[in-house]
Structures are given as structure tokens and as C-alpha cells.
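Visitor: Chain by chain, the residues run as shown.
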Amino acid sequence: MKAPAFAYRRPEELAEALSLLTTEGAQVLAGGQSLIASLNMRLSAPALLVDINRIGALRGIEDREDGIRIGALVRHVDVLHSPVIARQVPLLAMALPHVAHMAVRNRGTTCGSLALADPSAEMPALAVALNAEIVLEKHGDRRQVAARDFFQGLYQTDREDDEMITEVIFPRAADDEMFGFAELARRHGDFATVGISVRARHTGDALENLDVVVFGSEAMPLLSPAGPSLRIAADATEPMLADMAETIVADMEPMENHQGRADTKRKQAAVLLRRTFKDMQSRAFAGRGNGHG
Amino acid sequence: MTAALKTGASVPRRNAARLVAGKGRYTDDIQVAGLLHVAFVRSSYPHARLKRIDTRAAEDMPGVVAVLTGDDLAKVCAPWQTQLALLPSHLSPPQMPMAQGEVCWQGEAVVAVVAASRALAEDATETIEIEWEELPVVADMAAAAGADAAVVHSAMASNLGLDHTISTGDADDAFRQASVTVEHTFSFDRQTGVTLEPRSILAEFDPRLRQLTIHHSHQVPHQMRDIFAAQLKLPLSSVRVVAPDVGGAFGLKLAAYPDEMAVAAIAVLLERPVKFCADRLEAFVSDNHAREAKVHGRMAMDANGKLTAMDVSVVSGFGAYSAYPRGSVGEALQAVHMVAAPYKMAHLRGRVRGYFQNKPPSGVLRAVGQPIATTVTEQLLDLAARRLGLDPAELRRRNYVDTATATARSAGGIVLAELSLERCHDRLLQLMDYATLRQRQQMHRDKGIYRGIGLAAFIEQTAVGPTLYGAQNVRASAQETCRLTLEADGAIRCATSITDQGQGTSTALAQIVADALGVDIETVEIATGDTQLTPFGGGAWASRGTALGGEAALRAARKLKESVLGIAGALLQTEPGLLKIEDGRIYNTASPLPQMSLADIATTAYFKAHLVALAELPSLEITESFAPRDLPYVAANGIQAAHVEVDVELGTIRVLDFWVVDDCGRVINPLLVDEQIRGGVVQGIGAALYEQCIYGVDGQLENGSLVDYLVPMASEMPDIHVAHVQTPTSATTLGARGVGEAGTVGAAAAIWTAVNDALAPFGVVLSEQPFTPERVLDALAARKD
Amino acid sequence: MGMADLHSIAFMLNGKSVTADVDARLHLADFLRHTLHLTGTHVGCEHGVCGACNVLVDGRSTRSCLMLAVQVDGAQVETIEGLTASGQIADLQEAFTARNALQCGYCTPGVLATAAELLNGEKPTREEIRDALSGNYCRCTGYHAIVDAIETVAGKRQGGAP
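Protein chains in written order, with my numbering: chain A, 8 to 300; chain B, 6 to 790; chain C, 3 to 164.
Pulled out of the complex, with its shape left as it was, chain A reads as follows:
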């Protein structure tokens, strides 16, 4: 199927782009890896595409005071190969090999993925897990929203039609933080049936204060309310880790679809969580028996 007709503009300056976005039916074209597919299926019919690919100000990964800034034109491949990301936002680096395939990663952008808010996508989940800040700009206005407030439902976000995400700021990983990531997809690179990401603080004899996000199965990334009170002790047994996983999945509200029923996804999420906890425990306390080392 061929895309319906639309108008196209390619501003070189952000201000011009923001001004164009005030047009009724205008939409941002960044990586286009979901947008153009939906156009080709006539699932969307924008009046105007505002191609931001020429706006230099939107490029670049920057190590800034307020965190690691990923501009709206940063593509998955840039994040995947960025030494700054590998060092400062290791969870992103862990997750990116799961994002689609090479050709799609070569064009798709981090911010575009956040704006689309596909429930099966990794980026929204990671932004929530890491408590990233999303910068939204529109003609004459700029605001910053916590990722944890940005996602509002299935493909629904706090972004207004004339706003665009110009950058996302990930907090720098602290020295005492540890991360885990796992997802279940039918085939490598497919959208996740269910995925989980974990951030924890290493307190010496335990991993504590967990930020656990479950995604793929949920309409939007689920930040587990139980996480902050959970603790992976150096000597926690598998049944204990399994109990923690059960606590987390109790809050899931999985969508029922061809990937599975809600109970199946809960079961699978619990397995991914338990295994990830176990893996983090091994990494955190490697080389020592119980306790400190």
C-alpha cells in the first residue's frame, strides 16, 4: 500500500520546526521507522510532515551537568556505540541489542521511540526505570516532564500535538548502581512480549531500593510500586528471589493479545525477574561467599 498524500517541510532551525508544528495535522518526522510504516499502511494521514533531520541543534549525545542528554536526532545505532552511554547509562547499552534490527537501528531514534510510546518498545521502559527527564518544546514554550509522568496509556503521552520531544536527559549512573535487563520476544529483535529492567543500589551486603519496570505486556511501562522496598541480599535464595518477583508481577495488568493471556505474561515476567535478580546478585557479589568481600 502507498502512503496517502501529505505536505512535507524540512526546516533547518528548531524555531521554524516548532512554528510548522502549529499547523493542523502536522507531525514530526525523525527516524520514521514507525511513522513511515504506518503511512505505508494508510494507518495515519498527517497533513504535514515536519522533517527535523536537518536541525543540527537536535543532534548529539552530551555528558552534561544535568545528566546524559540524547538529542532528538540521536539514532539507536549512535546510542549503541556511544562510549558515554556505555559508561554513564549502561542500562541503555544493555537493552539496545534487543531493539529491532541493524537497518532499523540505523535510522530509528531514541526520542521518536519515546514519542510513539509503543508499549512493546524498550526506550519508554528505560526512561521510566531510570527516571529520565523528557524535554518538550513547542512554539514559544519549553517544558521538562519526568518520564514517569510522560506516559499515560497505550500510545498515549503527555505530549501535545504541537509539541515535540527535543531531547531526553538520563541521569548518570552512580557508582553504587547495578542494572539488569531481560526480555522475551518470539524472535530476536521482535517487540517484547514482556520485558523487565532493574536498577538497584549496591549497599555492600545487598542490592536495595529497586526500580523495577515491566513493559511489553502493559499498556505503558509499569514502575513497580513494590520495588523501593525490595532488597536482594547477598545470600538471598532462589525462592526468596522468586517471592520478590511474585510481589512485582502482582501489580501487572497485562494486555491480552496474540502474545498471550495476562496470566501467561505474569508468569513469564516473574521468571525474567527472578533470573535477572539472580544474575545481578551473582555479579554484585561475585568472588565472595556470603556478605562482604
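Just so you know, these hints were derived from the structure itself, not from any lab. By construction, the Cβ of each residue, glycine as well, lies at the ideal position given by its N, Cα and C atoms.
Covered stretches of chain A (chain C as the covering partner; in silico rule of three or more C-beta atoms under 8 Å from a C-beta of chain C):
no., region
1, 11 to 20
2, 34 to 43
3, 49 to 60
4, 109 to 115
5, 189 to 198
Over the 12 Å line for every Cβ pair with chain B, so calculated as not near, a few chain C residues:
no., residue
6, A12
7, R159
8, Q160
Pairs of lysine to any residue, SDA-like flavour, derived with a Cα cap of 20 Å:
no., chain 1, residue 1, chain 2, residue 2
9, B, K452, A, T244
10, B, K28, C, H36
11, A, K274, B, F767
12, B, K566, B, S630
On the provided structure of chain A, position chains B and C as indicated by the hints.
Guide: Positioned in the frame of chain A, the structure of chains B and C alone reads:
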């Protein structure tokens, strides 16, 4: 000097060098001046009456040349109806290129917009208003079978399109006497072929000469020429069908599709060239589907592990119409007739019923029904082995049928001759180091790692002859023909009725001809896929290309050689029997020096025939046809094995390794044969693990995109180790059996037995294909509860 | 339905500069195939899944169905035709032919674009080759031969390096 024989050698395909350079010429690549493009409005309802179609707005849209309905096309195109002489109950209503009055599946074409570009045509389709009256939908097979079920089409009396039984021996008695009986229920989800190049057709009509030329992404151009001529009321000689490069076919491109017929009719009606390339979304709802079946199988064994009887009941889903012209019964019939084909078994009872449904028609997909029969048989054998406490390999070894006699038949009536079941079996166990794998399996289980080893022996029907369709009065030719011409420059032109969608059959033919004639393979030029350039014949279906087309080529080459040597003998004043051809030159067996070249023979015969002292000048253009008329087909055989690991917590399955030992008789080109087998295996793995057309009870396809319909990708597929046993068939001079479907016949069964072997410690046997993670977890949960 | 929104573009295609006026909605694959008649780029799904339309844009493999023609303004685009003419993937093409790593050939130009990019990096393992190929569907070969062919070339290129 003797040139090394090409037959049996891994000769790369000449076409491959063209295709890797992007120089393929597929239907959509062909440029024609003034070409118009067709986009269809398709029914979004699985069953509805067309109350009113308003196309006025569309007619005024930019670039639109015509907006046509089924009624418009009826002026130039006659209706058709699949009829099988031996199965008169398999009858769906007459069909037209586009629905008239009633639509019977979601995706059926209703209106065609013809415009200057596909995009403009699609723009116009969005303005067409159709008033529908929804009718009751019969989607799943159980609903179609219900006593008070609504009918799929209002012209039908019942949805039952096939009710067929077979009975060999006395199955009831055998089950009574059995020491061990096992049974299982099997479900096979609906699949579709997903050729990477979707269906495409380009039709040109010359109104002055009333000649129709069709470029068609298709397997059987001669069949389609016959059909286009009949439906459009044109003399056969006025229709030319060309199948250029075809981007995958797998049986999907064997049928006459209504929307493609519409394109031909539009070309005739408008007297303009028109093209239609299905996009991926419409391919999912308009390509023929396959495989949908439910089976209940029982198996009886004696105390020594000898198979005595099977009882199999198959229910098959046909979709809305019987596929034209070959019908939709093949899957169901093969599913029951092919059970236990590799095994000695005296008693079989089988019943198969097929139902029409408000879904796309089902048709041919690589291996037609054979994967179902193989899966049912092999899985039941494994269950019996468990009950008997026997190793699954040992159980099979005890039961292979003796095929030494040419008249061997399976209980299902399958003709078996000169097979090598035991040799393939032994070779496979050696290849995979079966004993070691079994030992390791136990070690892994002790650590909570669940690996399974699955075997699947199989019979593959290949080189199918005229009795299959001929007896049904279906005009699908089983004859293959080769026309060999010695060109004036000494090259050989080989025009064949078979077609090649990448299998490599044209290379195999070049090898056969080169060796039989004694010429360099580079001098053999193959013409294929064009009804104007090639002799009449079947095309590509049922693993017949090399086996039958190759036989015709071999026979033609031998005759051409006779002609050449006859003329050479006259010119050299030597007995032809003392002459031979090597490397394109004529030698006297007594001398190492070439006497003359093939070019000399041709030049003399074509331009100076008066110098040839023969009363009759032998023809240097030879046409030979071949169809096996004594046998319905030539069976091939083999065995496959899968090694898998099941994550019993997540429900996921990893295929670790895969092996195939195949006997396709004489192997003409191992390089090509191995890839045919591997490609077939991956399609079988896809069936077992991924592929399913998911329909709601409302008859809507819910996963009709390439994002949601999962086909195998490189990451999940294993390396596939292939070995051969070669038992040439005596049915032909060439001795080759077919191989195109071998991989698909057995691969799904090997995955079934492997996965269920992995799950054996839990006492769980999966029963629904594909094995999704949820199905695996559900089976495990049901057991634990 | 809106009217065509035409834009002038200039870009490098297979090493030569090209200018054209393109409708905004035309995707790159259709532009290459039907406007420029470079039919070696194939269209298998038009929703970015199958990889048959992969080409190199600024040296990176790209779904040409998921990029608008107007977006290649100023870019370097290489299609199978250019990759062939320049000889830069001649070894891959030879290996694919020798190994019969293709049947119908429809996926092959896209697979080669992916392989070309993959082999710009370090020598991949067999598993990495399979991973990289996962965005390219092949319905005919079963993938094994494709992996073999790429592995062979990776080895040879590595061997040839000082």
C-alpha cells in the same frame, strides 16, 4: 581427453550470478509504456451481501481511468468452478474475478480502481462507498460442521466439501489384539506461504490482433494460458503467458486467483496494459492459505513393538471457495493417505472431512498434507515407544517397510518402490551421533535443562504423473517436454516446459543435456517460463522439475546426439557407432584427434545440406515429452532429526541442531539439492514454531502483517546438516527422484517429536501447532495441576 | 486527498549525482525502482520488516521503504547496482553464487546490503552473522548457505588484511 561429467557435480547456477547483481527481472520490474495500475477495494466483512456500490466520487479522482465492479468484468470474463470428477461433493459456487452480490471472505476483491499510479488508485479506493448487509459468519471448522450451521455462501446447500474414508485390513480387530495402543489429538493452525515477492501480474491486450500477453509471477504458465483463454473467450493461440523471475512460489503461485483474473479481464475490457502487485497486507487475506486441520490419531502395536494399525480422523478447513483449478482437497487427502507410509502396517482406517469456511480459500503449500501425516505418525510412534520402554530410533528401525519390490504399497495406498529407509536411518544416527546425544540428554535433565531429540522418517511424493489431476478431469498437465536445438554456432538451445523459481532446475537440465550430448555446459542455453518459447507442459509443482523435466531433456539429448552422429557419420564416411561427442567435438573412437565440431555439423546441415549423403536428413531440433504413466508418482524417502531445548519456565523453544538424510535417487547437483532441503526444513520449523493465521470467530484475520505473522529468521534457525543416500529410480532413465518438498514433509514432525521428547519428564505432549510459549506453558500447567 | 507536494532533490546515487523532483509521499524504494528504474532494490512488505529493500544510505543499511525519497537530498545512496559496479562486494557476490546462498533472488540485494555493512566491522562470528541477518527474510534457502557465504568472505577479508 574426457571432460568431467557435470551430472552429480555441484555446479553453481548461472542465474545466481545475475540475481546477486540485482539483475533479476521480476514482474514488477517490467516497464511498459502507458501502463495503468490496479488497486482493489476488498471486503472487510467475512460474509456479507453487497447492497449498493457507489463509485462516482472515485471516477472523478485524479489519475483514475476506470472504476470497475464484478458486473463490469462479467462482460468479458466467464465464471469458473472447481470440479473434481472423482469427488463430486467438493463443489463451491461459480466464481468471478470480483464478488457479485455476495462476499465470502474478508479480503475478497469487490471493486477495482484503474489509475495512472498505484498511489492514485489507492486514493480513489478510499472514496468508494459500499453498503453491506452482514451475513452469518462461519469461520472455524467446528462451526462450519455444526448441524444447524449457516452456509458459507448462500448458493451452497452445506459446508461439507469432502467426506472420504479409507479402510485397509481390519483396524478394529488390530486394535483389539494390540499390546499397546496410543492416541493423541493434533491441531495444525492455518498458514500462508509468504512469498517474499507477493503475487504480481501485468496484462497487455492488443485489440487489433486480439492478443493477450501476460507477465505473471507464477509457477505454471501453460496452465494459466489455458485458463485465461477459456475465461476470456480467446483462442489459446492468442494468449501468451510469461513467468519471468519469480520471487518465491512454494505452491502458492499455482492457482488461478480471482484478482489476477480480474487484471487480465481489465486489460481486455480497457484495451490498455494494466498491472497489479499484491501488497503485503492484501497478500495475507488474498493468497491461498493452507494446513488448517485437526486430527485424532490412534496407533496399535504388538508386544515386540511392531506397528499393526492406525486409525486416523482428519478435519480440514477449505476456506470460502475450492481453489481453482486444482481444488482444496489435497491437504486433507494426503494427511490421511500418507500416514505410516514408511512403515509396514497392515491395518488402517481413515476418515477425512473438509468444510468450507468464511476465510480465504486454502490451496497448495509446499508438501501438501504430507507434513500432517508425517507428524501424526511420528508423534504416535514416539508415544508408543515410551509405553513400550523402547528407544524411538529402535522402534522405527523395527518397522520400516520392505520396499525391495516395485509393487510395495503402504496401508494408505502409497506406492513405494526401491527406497532406502533403513540405510537413511543408519546414516542419520551416525551423522548426529545419536547415542551420545541421548546420554547427554540425561545429564542435562539432571541439571534442569530440558533437551529433546526428535526423529521423523518420511516418504515424499515426487514426480507426480497424470493420474493425480487427469483422473479428476483437471487440466493441470503432468507431462514435461524438452525441445533441444543445435544452433548454427554449435551451441545447444534447450526449451523446457518446466519453470524455475530458484530451485535450480534449469541448471540441472543444462548439466543433464551437457553430459548426454558431450558438450560444455556453458554452451547449453535454457529457455523457460514463456508459453511462446517453450513447449507445453506442467511447470513447477509436486517436486517434478528435475525428475520429469530432466528425463525429457535426457531423452531429447540422446536423440539429438543420434542425429548429430548420423550426419557426422555421413560426412566422415564412418559408422555413427564409431563416433562420439566430447566437449562439443566429434571424435572417432580410434583417434584422439577431433574430426569436426558440432558447429561444423550444424553449419553443414543448415546451409549445405546437399553435402550430407543421407536419404533423410536427421533433424537437429528434437522434442521429447515425458510423464510417468505406469506409476502415479515416484516416492522418495528420508529421515530428519531435530535437537531442541525447551525453557520450561518461559515456554520458549530453541532449535539447537538439525540433520537430514535424504534419498532423492540420483543427485544431479548436490549444491542445489542441499539448499532445497534446507529451505524446506526451515519452512517446516516455521510451521511448528511460528506460523499461524490467527482468526477470530468473527472471521477476521488478526495478524495480517509481516510484523505479526512470524516467519523464521536467521537468528533462530540452526545449521542444517544434510547427507544423501542415492537409490536411482528405475521409473526413468535418469534415475532422479524429486526433492523440492522433502525438507517440509518431515521437519515439523521432527520438531514435534523433539519438543515432546524434551517435555517427556513432565508427562506432557503438546498437541497444537505452532508451539507458542503460551501453549507450552499451558500444557505444563495442565499437567502439574 | 491532497495534491502532489513536489520537492527538488539532489543526491549522490552510486557515485553519480542525481537531481529529481519527487512527491513527498514517494518512498525511496519506489523512487529507485519506478522513477530511476533501478529495479535491483525489491519491495517485500513496505512496512520495514522483510529487508528486501535494504540499501546503503551514507554507508549504513537502511530500509528504503521506510525513508522518503525527498529525505535522501544531500545523501549518498548505494543500491545493489552501484555496489556491483564498484566491485566493492564482488567477493560477497561470488561467494553467494558459489555457495548457492540464494534461490529466488528476491531477498538477495537487501541481504547483500546488510552483509556489506556488517563486514565493514570486525570479523563476525557465525552467531553474529545470523543476528545481523535477522532483519532480512529469506523464504527459500533456510539461511544456512547465506551464513556460510558471509562467513567465508569475512575470513578471506580478514586473511587479506596486513
